[in-house]
Amino acid sequence: MRKAFLEVKEQSIVLIGNFNPAIFHPQWLARKDLIGSADADKASITVNHPDISEFQLSFCNIQVLVDRFSITSSQETHFKSIRDLVINILKFLPETPVIQMGINLEHHYNFSDEKEYIQFGHIIVPKKPLWDSITDDPGVEKISIRFKQDEGYEGHKVITLNPSNKYKLGVRLQVNDHLDLLSSTPDASMAISLLEKKYDLSIEKSSQLIEKVFNYGISSK
Amino acid sequence: MESQANKYSIPLHLNENSSNGPSNSIYRKGFAKNFLKEAGMERDSVQTTPIVSFPQEEVIHHRNLNKNTQGVSHSLILDEWEGCITDVKEDTFIAKLYKQTQSESDLEIIEGEFEIRSVPEQDRHLIKEGVLFYWMIGREVKETTQIIHGDTIIFRRMPSWKGFDINNSSAITDEFFNALSGKY
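As they're listed, the protein sequences go chains A and B. When the first sequence is numbered by our numbering, its final residue is 221 and no position is left out of the sequence of numbers. When the second sequence is numbered by our numbering, its final residue is 1184 and no position is left out of the sequence of numbers.
No lab work stands behind these hints: they were computed from the structure. Take the hints with a grain of salt, since some may be wrong.
Short, incomplete list of chain A residues facing chain B, as computed with Cβ under 8 angstroms [what the hints assert, rightly or not]:
no.	residue
1	V14
2	N18
3	A38
4	E76
5	D136
6	S183
Note that beta-carbon positions come from the ideal geometry of N, C-alpha and C, so glycine has one too.
Please model the complete structure; the sequences and the hints are all you need to start from.
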């Protein structure tokens, strides 16, 4: 039987720039026809304030601070919807300065056996000879590897491994595809363009990378 | 992190399930920045990963950071088609559907008829000739106890498209139909 199963995929888009949190409200999105009216009516609002806006729709969570916008979904069927939603929001607010963007993908794998779960961490981060000799019963808490952005783009990528916050014997592998948006005009045009051109490819590459790491961890001896 | 989060968890008056616009709250000015700093979660300004959700009354636990994802359903796609509506009838609509595969030459095209009542009421005004949508077959896990297999139709919402986009969309639609008619 397989050692672990992919249980959850989570996708998020994070924008760094300048935002007006107070206007980000489910009813505003519905009035612009960016979401359905039923979605807006059923939204759960955590807070709506000049400094923070945070609410949950049926398919995603949205959080806006004065310097950060983020949207997260754990429904793979809506990964493309959150891309379209962000593009549409930015097209309605084209003067919004966006200087950085993160396209993030994470997978949560659930192990059925504790030994396999621990072994996975040992394979990805071997404890011999260093850690076993200087610490008692070492385990992986979090590791991150930073590497180059794809050719033609400014920024970097980071893959992170840590225990899952969703499963007791789970591991979380996340790729942060970080893009610096270098533009002569500090507006949303570059972010829109990158989301339209790069989003699908970013998800595909991140997914492949995560699967390679996971497969290495469960197959190597 | 757990003890810090406990210390700074702030009981708040919250406006749950409201649809009446911005609510009055007791969040003070600068709350967001101060909360993150005091809770030891001040972020690096160049980090573009999601940060912890803001607390309501519950405590934030070390391995339970984002309570909003706890118990909420999630889904995984088993199969996916992209569709374009070609005809709308009284109770149904017809669409050409194609599946993206690794190779463009393997493009698989089918025609399907969908019941309008299978589309959520809030999306039915989007059913028009030429509209693009995704038809996905997947697995949805409800609060980690119930697993539902089924299909879902998700329409692409493009209300903000302007002149440039519309011109661009014609090209995309032409390309789409060329693909469907074998001119790919």
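Hints versus structure:
A hinted interface residue such as A/V14 counts as satisfied when its beta carbon comes closer than 8 angstroms to some beta carbon of chain B; here the least separation is about 4 angstroms, so the hint holds. The interface hint given for A/N18 is violated, since its Cβ lies 13 angstroms from the closest Cβ of chain B, which is over the 8 angstroms cut-off. Nearest Cβ of chain B to the Cβ of A/A38: about 4 angstroms, under the 8 angstroms cut. The hint holds. The beta carbon of A/E76 comes within 5 angstroms of a beta carbon in chain B, closer than 8 angstroms, and the hint placing it at the interface holds.
Taking 8 angstroms as the C-beta contact cut-off toward chain B, the hint placing A/D136 at the interface is violated, the least distance being around 21 angstroms. Checking A/S183 against chain B: minimum C-beta separation of about 16 angstroms lies over 8 angstroms; hint violated.
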